[in-house]
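Here is what each chain is made of, one letter per residue.
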Amino acid sequence: MSLSLLELAHLTGGEIRGDDTIILTGIAAPNKAIMGEMCFITDPKRIPELADSKASVAVLPEKLANHFKGTILLHENPYYVYAKASQFFSPYPNALRKIHPSAMIDSSATLGNNLSIAANVVIGAEVVIGDHCVIGANTVIDDHCQLGEHCILRSHVVLHTGTQMGMNGRIHSGAIIGDDGFGFAPHNKKWERIEQLGSVWMGDNVDIGTNTTIDRAALGVTHIGHGVKIDNQVQIGHGVHIGDNTVIAACTAIAGGTLLGEGCKIGGACGISGHITLANRVTVMGMTRVIRSLKTEGEVYMSGTGISKVSVWRRNAIRFSQLNDMSRTLKDLQKRLIQLVNDKDKD
Amino acid sequence: MSLSLLELAHLTGGEIRGDDTIILTGIAAPNKAIMGEMCFITDPKRIPELADSKASVAVLPEKLANHFKGTILLHENPYYVYAKASQFFSPYPNALRKIHPSAMIDSSATLGNNLSIAANVVIGAEVVIGDHCVIGANTVIDDHCQLGEHCILRSHVVLHTGTQMGMNGRIHSGAIIGDDGFGFAPHNKKWERIEQLGSVWMGDNVDIGTNTTIDRAALGVTHIGHGVKIDNQVQIGHGVHIGDNTVIAACTAIAGGTLLGEGCKIGGACGISGHITLANRVTVMGMTRVIRSLKTEGEVYMSGTGISKVSVWRRNAIRFSQLNDMSRTLKDLQKRLIQLVNDKDKD
Amino acid sequence: MSLSLLELAHLTGGEIRGDDTIILTGIAAPNKAIMGEMCFITDPKRIPELADSKASVAVLPEKLANHFKGTILLHENPYYVYAKASQFFSPYPNALRKIHPSAMIDSSATLGNNLSIAANVVIGAEVVIGDHCVIGANTVIDDHCQLGEHCILRSHVVLHTGTQMGMNGRIHSGAIIGDDGFGFAPHNKKWERIEQLGSVWMGDNVDIGTNTTIDRAALGVTHIGHGVKIDNQVQIGHGVHIGDNTVIAACTAIAGGTLLGEGCKIGGACGISGHITLANRVTVMGMTRVIRSLKTEGEVYMSGTGISKVSVWRRNAIRFSQLNDMSRTLKDLQKRLIQLVNDKDKD
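Top to bottom, those sequences are chains C, P and X.
The opening position of the first sequence corresponds to residue 1 in the working numbering, with each subsequent residue numbered one higher.
The opening position of the second sequence corresponds to residue 1001 in the working numbering, with each subsequent residue numbered one higher.
The opening position of the third sequence corresponds to residue 2001 in the working numbering, with each subsequent residue numbered one higher.
Extracted from the complex, chain C is given alone in its bound form (with noise of 0.2 angstroms):
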């Protein structure tokens, strides 16, 4: 696999500095980069590296450039050209377009043109797949599922009855999309199954992180944005509606009938409760418990807190449970001592 830095720069509208003619031959760190290969900088700490890099090509912004002597790619977001430029180094837009023998498709299903479909998949009743899909081994699409155009499912991914999908969604490993949402009715003590007859719909450009599951809707359906990126482990409850280029962390869980907003960003391992709002653009810091709607757009917001040495953080601990009884404290000695005060002045 390789890459011209002239269709880089073209690509991503950045101007080469030096060789035009370099092919790309791999990404690295600077102080890793072998000759052929290019190398970025984000973090400020590591542009000493950049004086003695083997790389061919450092992506830098003008400020950065005189930190390398080789060729530069100059662009204001050197992150942004080493997306671009990965995505010719990965394997996946490779998949061999063929269909394995063992994967086993309802005839009523409709397939697009120069697909790749691996092993064991199975593929439901009147599902359909747009072209160009990539299908992983194990996987399983139930019946009346859609996918658009250029969107690949990794291997051991369920997509349930009725899941849509748009155009170039990425859904990695062992994601469930479209089981079962959470919903019994108490009834003589005991628990009365609701079953769960809306479904899942994804926007285009969706990315799903491994064994992530995101529930069909009780009535109606979960709603997964345009643009929206989600990584591993992350649990989203039924009806959730989620806004277009939001992201979510690993391992966050959002209850069901929560609607966030569009550009949010929520850290990992957050616990955010059903049926509230979370504004456009807002940020939740990681393992926060949002047990409120948050109406600010593009604040940023948090819970918990900081970590200590457990025997500095067992003493404070305790005075947490006493908390409410020193804020009495404080008062009251507040009160008493203006009344001295006051006593004094009278004096």
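I should point out that these hints are in silico values taken from the structure, not numbers from a laboratory.
Glycine residues also receive a C-beta, built at the ideal position from the N, C-alpha and C atoms.
Any given hint might turn out to be false.
Taking lysine to aspartate or glutamate pairs in the EDC-like style, the calculated list, with each CA pair at most 20 angstroms apart, reads [what the hints assert, rightly or not]:
#1 X:Lys2344 with C:Asp343
#2 C:Lys335 with P:Asp1345
#3 P:Lys1309 with X:Asp2325
Derived CB-CB ranges, DEER-like [unchecked claim]:
#4 P:Asn1342 with C:Arg328: 17 to 25 angstroms
#5 C:Asn31 with X:Ile2047: 53 to 61 angstroms
#6 P:Leu1111 with X:Pro2061: 48 to 56 angstroms
If you want a taste of the chain P side facing chain C, the calculated C-beta under 7 angstroms gives, among others [unchecked claim]:
#7 Gln1087
#8 His1156
#9 Ser1173
#10 Thr1210
#11 Asn1232
#12 Gln1233
#13 Ala1269
#14 Met1287
#15 Gly1304
#16 Leu1323
#17 Ser1327
#18 Leu1330
Following the hints, complete the assembly by docking chains P and X onto the known chain C.
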């Protein structure tokens, strides 16, 4: 799929006020229902939607009956009526009753009548499967497992050796039941593996969510009581005992050897320590860390802090790390103030 | 399955006090053991059970030897003896040594001797599998993976392209090793996918829990050291480095680029930020948020609060949100009190 209103009334003990010949064709929210469909209200904020609803039937308690002009199914628990009705509109009971030719079933397995076994299912030696069970694609049932009647296992489920499951259970995709617990003995600064020789036992009417994991016991059984409902991505450690009709929301982790009582409600994303006991009907709020036994029946427990803007949070979190010092300062001030007052009284 | 007491004593360096001809037929708790079985004590609360135990052998340290009347295997670490004994009663080493006809193995793969490969296993191009490995049903091993000798992969495991695994490893069902890390570059308010071009390397004696996910590095490798033990539903981000013999309990998430030292103990449900460093032998208590490097070797760390009844919690949590104000009030009072005392002294 359809359901006569008369049958639903009969099944739930509800009373029809209006046209008792209606055949229901679906369920929807009041503002989305079309003719033929049933709606219901659980959230009082949605009462105004009833006035203009196109639903043919609304399920309502007596006190709300005057808000809807069409036919009413009177019931004190509309949510329960909804649950019952939903079961008539689910596609699952109608699964094709056949055994797919690609399923690999050991000749020593005992299969009940009226089974549905999908593609690529693997069933091991001495397995017993009750009548009317539905097994989804690519599911693996290891040697010596037993399933009661009317169980549904979705696609991509794994039951490890010796797992026992009562009647009418449902296990969702990606759930792994009975794999090894996490046991290692320290020895010479390394970890010696403890083979897990026990198994998992589940009662009747148990639901297990997507990608949930339940470990086999080291010795003896991990016990999941009758009517227990477990949501997605929950982790149950080896030797845990969960009492009947307890519900556990998504992403909660319960460490080994812990005992939960009956009728408990455990919120999402909780962490529950090993070898502790929770009394019957205890409620634990979401994202709570349970590091000690909770002994008061019916009590509600919580840990952590509220959520705030990150600038506010940061200031308060720093104070948390100084809490013990604050408390000592407060006590010191209190003492000195009392001293001052006493001195003044003496004057 | 059985094990002679003499062999167990020889293997563990224990001393037999009593009948050294006993053949052990199983392991159980003191109060549940039957004749022929071995019991042991790790929890002092269970010592009284020894008196009436029907076990044929008890594994005890010298100081407890007088509590049991039958044959004793004296050892200062009974838990280690139990671990060793458990390995003789496990069914896994006895897996049928055959390759199931439904397994799809690429002709370019190199297979060792004495393998067990179950139904529907998919093995890709240029894969190398060492002698004595056991591969469970429906497991997928992508191109260019390498497994050392004596590895066990349970059913429904996925190893993505280029994953390397040392000797004597065990990966449990649903674990996904080497799928893409979560990398996107912001561009025009959307997210540009960064293809993950690295891989995952695991040393010898590594255990990976059920439904755990380990991402391939963006560039280079994600490193899992020798003897590392990882529980269920753990998430390891791209480029993480875990030192030898570190253990990680269930449901913990470690973000990309973080470095854990050797011999660390990480509790369950922790969240560990990206690009930080934990020193050797650091312990992190369960459900702790680690947002900074932990640099003190052997230290124990914790965050969060204790648990209380919700009514108590609510009052204290409100005070937490006022902590900074409380602190300022306290300092103000302190100042004024000192002032008062000074004034008084002057009088």
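Results of checking the hints against the structure:
A threshold of 20 angstroms between alpha carbons decides the hint, and for Lys2344 of chain X with Asp343 of chain C the separation of about 13 angstroms falls inside it, so the pair holds. Restraint check for Lys335 of chain C and Asp1345 of chain P: the C-alpha separation of about 18 angstroms stays at or below 20 angstroms, so the hint holds. For the hint pairing Lys1309 of chain P with Asp2325 of chain X, the CA-to-CA distance comes to about 16 angstroms; that is within 20 angstroms, so the pair holds. Between Asn1342 of chain P and Arg328 of chain C the C-beta distance comes to about 22 angstroms, which sits within the given range of 17 to 25 angstroms.
At roughly 58 angstroms, the beta-carbon separation of Asn31 of chain C and Ile2047 of chain X lies within the given 53 to 61 angstroms, and the hint holds. A C-beta distance of roughly 51 angstroms is found between Leu1111 of chain P and Pro2061 of chain X, which places it inside the suggested range of 48 to 56 angstroms. With 7 angstroms as the threshold, the beta carbon of Gln1087 of chain P comes within range of chain C, its nearest partner Cβ sitting at about 5 angstroms, so the hint holds. At about 5 angstroms, the closest approach between the beta carbon of His1156 of chain P and any beta carbon in chain C falls short of 7 angstroms, and the interface hint on this residue holds.
Checking Ser1173 of chain P against chain C by beta carbon gives a least distance of about 4 angstroms; that is within 7 angstroms, so the hint holds. The interface hint given for Thr1210 of chain P holds, since its Cβ lies 4 angstroms from the closest Cβ of chain C, which is under the 7 angstroms cut-off. A least Cβ separation of about 5 angstroms between Asn1232 of chain P and chain C falls short of the 7 angstroms threshold, and the interface hint therefore holds. Contact between Gln1233 of chain P and chain C, as hinted, is supported at the beta carbon level, the nearest pair being about 5 angstroms apart and thus within 7 angstroms.
Hint on Ala1269 of chain P holds. Least Cβ distance to chain C is approximately 4 angstroms, under the 7 angstroms limit. Evaluation of the Met1287 of chain P hint against chain C yields a held restraint, the C-beta minimum of about 4 angstroms falling below 7 angstroms. The interface hint given for Gly1304 of chain P is met, as the beta carbon of that residue sits about 6 angstroms from the closest beta carbon of chain C, less than 7 angstroms. Hint status for Leu1323 of chain P relative to chain C: holds, with the closest Cβ pair at about 4 angstroms, below 7 angstroms.
Because the beta carbon of Ser1327 of chain P sits about 5 angstroms from the nearest beta carbon in chain C, less than 7 angstroms, this interface hint is met. A distance limit of 7 angstroms between C-beta atoms decides the matter here; for Leu1330 of chain P the minimum to chain C is near 6 angstroms, and the interface restraint holds.
In this structure, every one of the numbered hints holds.
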